[in-house]
Amino acid sequence: MADLLLTALGMGWPVLLFLVCLLGYFWFGIPEPEKKRRAVFKTFIGIIAAVMAFIAIANYKVNFFGESRLLPVSLVMITALAFMMGLYFSNVSALLKIGGFMFLVAAGLSGYGNWLPQVEGGFPPPEVKLQFDAMTKEQLADEGEKIIFGGIGQSKVQGAIGKGQCPLCHGFNEGFLSERAPNLFGIPERSKQRLEDPRYHKGKPGDRDTVEKESFAGAGTAQTVQEYISESHACPSCYVVEGFGLKGSNDKESQMPKIHKPPISLTLGELAAVDTWLYVREGKEPPSYDEIVKAYEKFIPEAERPKPQEDKPAGAGGALMADGSEPVAEIFAKAQCVTCHTIPGIPGAAGTIGPKLVEKTNAPARLRDPAYKGTAKSVREYITESVIAPSAFVVKGFPDNTMPKVFGQKLSAGALNKIVDYLSQLEEGKAPPKI
Amino acid sequence: MGRVSRINRKKVWSAVALVAIVGLLLLPVLVSLPALAGGGAPEAAAPPPDAAKPPDAAAGKDGAPKVEKARDVFYKTEGIVSGAPAPKTADNTQFYPRYNFESRVLLWFANQQHLYYGSFVLAVPIFCMIIEFMGIVSKDKAMAKKYDQLAYDFIKISLTAYSLTAILGGILIFTFLTLYPAFFGYLSSIFRPVMHIYALLFVAESGTIYIYYYGWDKMKEGLLKWIHVSMSVVLNVIGTTLMMLANSWIGFMMSPAGVDEQGRYLGNIWHAIHTALWNPLNVHRILGNMAFGGGVVAAYAAYRFLSAKTEEERAHYDWMGYIAMAIGVAFLIPLPFAGYWLMREVYAYRQQMGITLMGGLLAWLFIIQATMIGILFLSSNYYLWQALGRMRGAEKYQRYIKYLVFVLVVGFLIFITPHTIVMTPAELKAMGGQQHPVLGNYGVMSAKNGGINVIITTTVLSFIWYQRGNKIPTVSWAKFGNIFMGCFFGLAYANIVWLAIYGYYIPANVRVGLSVPQVATTLSCLFFMTALNLVMLKGAKESGPIEWGKISVRSQYALIMLATAFTWMMGLMGYIRSSVRLFWHVNEIMRDNSPWAYTHTTGFAANMISFNVLFFWVTILFVFWLGTLGAKKVPVEAKVAVPGRAPQPVGGH
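Each protein sequence line maps, in turn, to chains A and B.
So for the first sequence, this note's numbering puts the first residue at 1; every next one is plus one.
So for the second sequence, this note's numbering puts the first residue at 1001; every next one is plus one.
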C-alpha cells in the first residue's frame, strides 16, 4: 500500500501541487467568506479525488501486466470519486455520474473476466528438427505421442493436445465417446475391414462417390493397412467412415483437414511417428519408418510435402519449453512440473503423480540411500540429475519412467538453474522462499 | 398557376442538381469498378529482404516472363500467380519495429477505437433513414415534426463523431505501417484496388453526409423531402459498402481465399473479398452496429435527460432514449441468430477454429459473452418496467414484474452454466474431468438455449405489456384475443422448457437440433404476438397519456448500462474474432512471429476491453458535452417554444 501511495504521488505530484496552490490562492485571495468557503471546500474535494485517481492509475500501471486481480478496484475507486465530485460540481454532475457509473460497469465486467480461470494461449508450437529416420520404433512412438497429445504419457490425460490436434475430434481410448470423428482405438486392426468395405472401392477409385476420388490424379487406393492410414491422413475425403461426414454431405466429404497441409502441416517424418504410436500403444509391431514414408509418398505428391526445416523463420523460438528469462513459477508451469509434483510456493503445483519436491529435506536423505546409484554429490547436483535423468534414482512408491526424460533438451541452462535454485531451498515444514 | 409551375420547376432543378452532385461523388467509384471486376492487377508485394524470390518472376528461355499457375486455397480454382508469397517474418525490428511496449496492444487500442466510432457513424444514418421516413409517412403532423427533429438530432451527433472516425482511421493506418510493416505491406499488396475504392467511398460518404445534414432545412417539404430521405438511402448504401470492404480484409485474415498456399495472389480480387466468412461477418456487423448505435444514442439521451433543466427537455430526451433503446433492442434480438450463422460458417470452414472458439482456448470468453447477453436483456426489461411508471393505467402490470424477474433470473442462471470447461491439467485433475461434477450435468446446450429463449420471450412479454400500459383494447374480440395471447405465451414457455428438459434424455448430436423448435417458438411470440397486440390496440381507449419525462432517473442508468454493455460486448467479440487466428496474421498463410504471438489471459483481455470501452466513452461524453456548449450559444428567441411545436433542445437548425 505504501508503495502504491508513493507511485501515485510520484506520478501525480504536479497536479496535486497545483491543486494545493489553488487552495492557498482561494484561501487568501477571496475576500467574501461564503465564496471563499465554497471554493476552498470544492478544491479540497478535488484534491481528495485527485489522490484517489492517482492511486487508481498507479494500481493499474503497476499491475497491468501482472496477475493481480485487484485491477478492477481501480475502476471502483474512480467510480466513487466521480460520484463524489458529482455532488459538489453540480454543473457537470450528470456527466460525472454517468462516467462513474460506466466505470462501475466496466469494473464489474473486468472483475468477472479476472475472476474466471485464466487460460493463456502459448506461443506457436516450436518447430524442432528431429531425425525421424534415425529413431528407433520406441523413440518414433514417443514423438508420435508428443505430436498427438503434446507430451509423453499425455495420451491418458483428458484434454491433452499436441501439434497434430487429433484429440480435438478423435477419441483414442477404448470405449471413449468420439462424436466428431471415429475413435482411433484398434485402428490397425479395423483398417483391414475398412479396405474391404464396398464403399471404399479398393482398387477402383473412379467408382467412389466422395468429393475426392483420389488423393491426386493417379494415386489410386490403398492396398495395405498402412496405406489406408496414410490415405486417411492425406485425403480424408477419399473415404469417409459412415456417419462422420461433413454435415449435409451425406458422408461424401470429410470435415478433417488434410494433415500434411496447413494449419497442421505434419511432415512425412512426423506422420510416420504418429502412425508408429498408433501401433506401438496397442502392442502391435509397426511397419518400418521407410515403409510408412513410402505409403505416404503414394498419396502426397512431392510438391505438397511439408519441408521439415526450411520454412522455419529465424528467431521464432526454439524447441525450448523455457529459456530461463521467465520467473521460476512460470518455468515450472511451462515444463508442466506442476501437473505431477507438489511444489510449495508455486501456484497450482499440487500434483501427486510424482513426489513432493522439498529438496532441501529430501535430497540429503536420498543421497545417503543405499539404493542411490547416481553420481550427484550435493543437493544441487541431485536435483539437476533428477530433472535430466529421472531414472537415476526412483523414489519409493512412485513408478519409474513416468517422468519424461526430455528436460535436459527442453530447458535452457538458465531455466534449469532457476529450478535447481528454488527447489534446493525448499524444506519440509518451513515456508517456501519468496518468488 | 404560373407561380406553382415556377415552384415545380425549381424543385425539378433542385432534384437534377442533387442527382448530379451525388453522381459526381460516386463517379470515382464507378470508374474504379471495371478494375475491380477485372480482378485488378495488384503488383507483387515488394518481397522482404529474406523472402524467396517468387518463381513467377523467373524469365523463360526466350526472355518472356514465364506464367505460373497455382491453386486457390479456398476456391480450389487455378489462377495465374500475380503476387509474391506472404512474407516469412522473424522476431526482429525489421519485421516488427516496436516501442518499449506491446505493439499488439497499441494496435488493439487503435483498431478498437476506430471501430467504435466507425460503427457509430455507420449505424446512425440507418436510424435517421428509418426515423425520417416514419416522419414523412406519419399522418399526425406534430408527431411527424417530432420524428424529423429526432432524426436531425441523431445525424448531428454522428457528424461530430464523423471527423473523429477519420482521425482514428489515420492513426490506425499509421500504427499498422509503423508497427507491422511486413504484414500491412502484404495485405495492401492484395487489397490495393479495394483500399483505393474504400478511400474514394469515404470521400463520397463525407460529401453525401454533409449535403444531407446541411440541406435538411432547405429540403423539408414535398418532393425535396423525398429526395432528402432518398439521400439517406444513398448514404447508407455507401456506408454499408464501406463496412463490407473493410470486412473483406478481416475475412481474408481469418479465412483467406484468392491466394495459393504460399499466399501468392492469383489475380481474382473477388475471391480475396468473398471469403468463406465475409457474408456472415457482414450481416453480424450490420446488426451489431445498429444495436451499438442505438446504445450510444440512448446514452446520449440519458445524459441530456439527466442534465435537463426544463420539463420540455426532459420529455424530449425521455422519448429519444426510448426510441433509441427500442431500435437497439430490435437489432439485438436477431443478433444471436446472425452469430449462430457466423459460427456455423466458422465450423464449416475450419472445425478446429470453431472448437478453439466454443470449446477450446477462447471458450471462457463465450461464458462472458453469455453473461453479457443476459445483462443486456435484463437491462432492457428493467427499462421497460420503469417506463411503465410514466403511464397512468400501467399499474395493473407492475405487480407482475416480480414474477418476470424470477423467470429472467432463472433463465439467466441456466444460460450461463458452463458444460465442458477448458482447464489446465492441474485444474482438470482437481475437478476430476472436463465437466464439473455437479454443474457439468446441467449446462447442456438445449437447456442453455431454453434459458436464453425464455429470456427473449419474457422480453417480448415485457414489451407487449409496455405497449398496452395505458391502453385498453376496444375491439369486439378483445377478450378472446387476450385469452389467445395468454395461451400462446403459456404454451410457448411450456414448449421451450419441455424441450430444454427433454435434451437431457437424448444424445448430444440429436440434442443440438432442439434449438430449431426453441428458436421458432421464440420468434413466433416475437412476430405473431407483437402483431396481434398492435391489431388489438387499434382504436384502443387510453387510460391516460404517456407522461414523457416522468420516467425514473434509475431508468436512465439502465440505458447507460445497456450502452456500456453493448460497447463492452462489441470489444469482447472483436477480440475473440481476432484472437481465434492464434499465431497467424493471415490464417494458415502468414505466420505471426512477433513476440506477441500468444493469446492473452481472459483477465488481461477483460482489462484491455474495459480500458477501450472507457476511453471511448470518456471521449464521446466529451463530444456530447461539447455539443451542449454549442447549444448554449443559440439566441434566446430560437428557444421560445411555439405551441404544438416539437421541443428543440439541441439548438434547432
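Careful, some of the hints might be misleading.
Here's a subset of chain A near chain B, in silico, CB distances under 7 Å, partners left out [what the hints assert, rightly or not]: (1) 118; (2) 120; (3) 136.
For the record, the hints were derived by calculation from the structure and aren't laboratory data.
On a predicted model such as this, the values are computed, not experimentally measured, just so you know.
Every residue gets a Cβ at the ideal spot worked out from N, C-alpha and C, and that includes glycine.
Going down the list of hints, with the structure as the test:
no. : hint : in the structure
1   : 118  : holds, 4 Å
2   : 120  : holds, 5 Å
3   : 136  : violated, 28 Å
Violated hints amount to a single one, hint 3; each of the other numbered hints is respected by the structure.
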